[in-house]
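Q: Work the whole structure out from these sequences, hints included.
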Amino acid sequence: MKTGFVDLAAYIPGLAVDARYATQHNLTGHPLDGYRAGKALATVEAADALKCAFALARQLGYGMLVYDAYRPQRAVDDFVRWSEAPEDELTRAEYYPALEKTQLFPLGYIARRSGHSRGSTIDLTLTRDGVPVDMGGHFDLMDERSHHNAPGLSPDQEENRRRLCAIMAYAGFAPYECEWWHYRLMKEPYPDTYFDFNIE
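Mind the numbering: the sequence shown is residues 1 to 200 in this note's numbering, read in order.
DSS-like, lysine-lysine: derived pairs with alpha carbons at most 25 Å apart: (1) K187 <-> K39; (2) K187 <-> K2; (3) K51 <-> K187; (4) K2 <-> K51; (5) K51 <-> K39; (6) K2 <-> K39.
Here are the in silico distance ranges between beta carbons for each label pair: (7) A55 <-> E87: 44 to 54 Å; (8) P191 <-> G108: 16 to 26 Å; (9) R162 <-> E84: 30 to 40 Å.
Just so you know, the hints here were simulated from the structure itself, not pulled from any lab data. Model, not experiment: these values are computed from the prediction. Just so it is clear, CB atoms sit at the ideal spot from N, CA and C, and this is done for glycine as well.
A: Structure follows, in structure tokens:
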């Protein structure tokens, strides 16, 4: 593992990880390049901040489930290749039911450079008794329903999103408006560096 990065599950006892991009259960329908193990890696600084957030979540009766953290640039490139293959729509019904692939870039769901590659952005949710709480939409749903201010959410779903946002803000993370699960460490240590080492 690259110096300055840690395995989040090992670094934060009790933290759950479901590394979706190391499996077929993701937007592309295949494991992404660079994900050779089902781990979530992050910079030490992001891991320390997440440890703080996790402690607060535990005090409030919640756990946390991480879907992704550091993402190699080669995985981002894999996303781009997938988006440029219009005939591949195997995952559309689950992940982008109301959009065309060509809309994913301009709407901000996919980019050629990802903050995840800088090592201090984390995709996650809260859990109760090991089960993800109802956020009104699942991880990586490319839809307006994933926006923080999405209309049509139930009061419980809105409160769950607000609670996650407050916990992460307390620990120094900023949300991404289009994705309720996406948080970036505001004082990230490598703001201009996009890493490309494998996760293994």
